[in-house]
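J.: The residues making up each chain are set out below.
2 protein chains.
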Amino acid sequence: MFAVIMAGGSGTRFWPASRERLPKQFLNITSANSLLEDTANRISPLVNKEDIYVVVGKNHAKLTDNLIGGMGVHILTEPIGRNTAAAIGLAAVHIARLDENAPMFVLPSDHFIADTDGFIKVLRAAAEAAKSGSIVTLGITPTRPETGYGYIESGKAEGEALSTPFFAVNRFVEKPDLETALKYLASGNYFWNSGIFIFTPKTILAEIERSLPNLYAGLHTIAKAIGKDSYDRVLESVYSDLESVSIDYGVMERAKAPINVFKADFGWSDVGSWQALYELRREEYDDQQNLLLADALAIDSKNNLVYSNKERLIALLGVEGLVIVDTPDGLLIADMNRSQDVKKFPEMLKRAGRSGLY
Amino acid sequence: MFAVIMAGGSGTRFWPASRERLPKQFLNITSANSLLEDTANRISPLVNKEDIYVVVGKNHAKLTDNLIGGMGVHILTEPIGRNTAAAIGLAAVHIARLDENAPMFVLPSDHFIADTDGFIKVLRAAAEAAKSGSIVTLGITPTRPETGYGYIESGKAEGEALSTPFFAVNRFVEKPDLETALKYLASGNYFWNSGIFIFTPKTILAEIERSLPNLYAGLHTIAKAIGKDSYDRVLESVYSDLESVSIDYGVMERAKAPINVFKADFGWSDVGSWQALYELRREEYDDQQNLLLADALAIDSKNNLVYSNKERLIALLGVEGLVIVDTPDGLLIADMNRSQDVKKFPEMLKRAGRSGLY
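Top to bottom, those sequences are chains A and B.
Using this note's numbering, you'd call the opening residue of the first sequence number 98 and step up by one each time.
Using this note's numbering, you'd call the opening residue of the second sequence number 98 and step up by one each time.
Source of the hints: derived by calculation from the structure; they are not laboratory data.
A few of these clues could be false.
Remember, identical chains collapse to one label, so a pair may be satisfied in a single copy or spanning two.
[What the hints assert, rightly or not] Think about it this way: if two alpha-carbon atoms lie no more than 35 Å apart in a straight line, the pair counts; the simulated DSBU-like pairs of lysine-lysine are:
#	residue 1	residue 2
1	Lys299	Lys399
2	Lys272	Lys228
3	Lys155	Lys299
4	Lys399	Lys447
5	Lys159	Lys441
6	Lys146	Lys353
7	Lys360	Lys146
8	Lys407	Lys159
Please put together the full structure from these sequences, using the hints given.
T.: Below, the structure is given as structure tokens:
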């Protein structure tokens, strides 16, 4: 079995900790390790290290190699970001050369999962379905009317695999507004789309060939160069012309192969903002519900998140509900409820040409 | 005429900008220069540089010399802090050797004065009274029921000097509670005690001799060593045994010489807290009443004070009424209304033995 870790993201919601040169997946915000390292370690009970493929942008290849290259994983470099269909397709043509019928786990590199055992158990079940030619998605039971996630509408129950129930998929839906999200939550037959997929290279490449023939042609050209001296040159010349489309929109919504959603309740979060991180790590709160990931002193202060490299003492006095993020060249002090707007700063700094700060 | 700048203070209310090694008078919080430099420059229209005496603790002598030694002022080092009566006495014995009948202006080193011309005008008037043997204090007309200042109760009006009205002094009173401060404000015959005094060396030394004979004896021993090789040794051995008492309590309240309070309204502030600093510099507010003494970006944020060495970008999002002070090894984020409690942090850090941070 193989794993594909999608590490091409470039979020801005964890500014100033995240930067163009250091996207979220490289940050140690959920544990002592980066999200990327945790993702690679989490899949290790199921997949040999040398069967893990990390797809990453050229600018972050060196950083990725420094972090997890030593494990023996493969790093597949994208010359330019071309969205998830191309990235998954690139990994699929590499893996297909080894075993086109082996299940491959497609994993976002920047999510949090609390229950690794539960995660492994669901993936094991999903792998069985993938081997028989299905596309499997993992759906998270919604616990709130979240407007920041995509949803999967499930159809009829199709059974259980290793005691994990799974369902047909009626459709994938984009991030809803609050009213729609409330309906989804009430209806009981919507899951959050975890962005985790399981299929074989054969299945997914057949779907890409049918739905995105131009992308398939490009991937085919790249595939022929694998293992040859010309690989880097071919990749460089072909990749930027590939169609840029998401796997959900470009492939899943038009797939002919059976698609199943497996109910996956293993404490998942996409860690989409500082506020989400604060809510995730509640076991580490002090007695005033402060999450102090820093060298910090707090007097009469509660419900704050402080994140730093611990190079400086941070003192809080009489403050509440703040996010404080301290880095060597940038400091954020925000109302935690405004976490979604943090991305405005890197936008402003980019417009102002303050290179390095965004 | 002579000036004595009292630079022995060691406040903690401007932590983390102020430290034991860097008290408030050395900070550039009210202008581009330190409060100490501004104090020396402010008196320059009236006093030659070589007639300015700065009294400072041993630990800060080098820093003082670096900041204002180049002006040609005299730096008088205290081996150990022994409160204001001893510090003023030390300066007085030095100045008395040159001219015991010349007015000396005793100036705190860490106050702010908006109107330098007005300040000079009042001092000029006060100098005349001092020459005739009076002790002169400068009293600030209260504008609010401040509980952080000492007060002077004035007696009958005694006239005007250079169009500055002056009054007899009934008594000096310590920092009042709010109820008492409200009474003082309403009564109309209380001034804030600016801590600025004017007298001749002869007058003040005579009062010290009468009220604090032991202190006087010690000063006399020091005086005899001035200009000799033994000075440092004598100072070191005598100073630590001097009585530690404030000039207000030890001398003023029992003085036999006439004491006058001159009405001094020249935009004075003792800059007693970050909040006081914020209120002082309102002309520099941005359009959301933020005082940004920093490289800062503010979105939907108002009434904040940000102070830094400008080595790092500081971004505010949706926050209000905060004091943010950024230094290389310590960061403060406080509710501005809690400015008086900032001193708790250096206290905590001292107890924790975190040397350098307090």
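J.: Would you mind marking each hint as holding or not holding in the structure?
T.: Structure-based check of each hint:
| no. | hint | in the structure |
| --- | --- | --- |
| 1 | Lys299 <-> Lys399 | neither (53 Å within a copy, 58 Å between copies) |
| 2 | Lys272 <-> Lys228 | within (30 Å within a copy, 82 Å between copies) |
| 3 | Lys155 <-> Lys299 | within (27 Å within a copy, 80 Å between copies) |
| 4 | Lys399 <-> Lys447 | both (33 Å within a copy, 24 Å between copies) |
| 5 | Lys159 <-> Lys441 | within (28 Å within a copy, 46 Å between copies) |
| 6 | Lys146 <-> Lys353 | within (32 Å within a copy, 91 Å between copies) |
| 7 | Lys360 <-> Lys146 | within (26 Å within a copy, 82 Å between copies) |
| 8 | Lys407 <-> Lys159 | both (25 Å within a copy, 31 Å between copies) |
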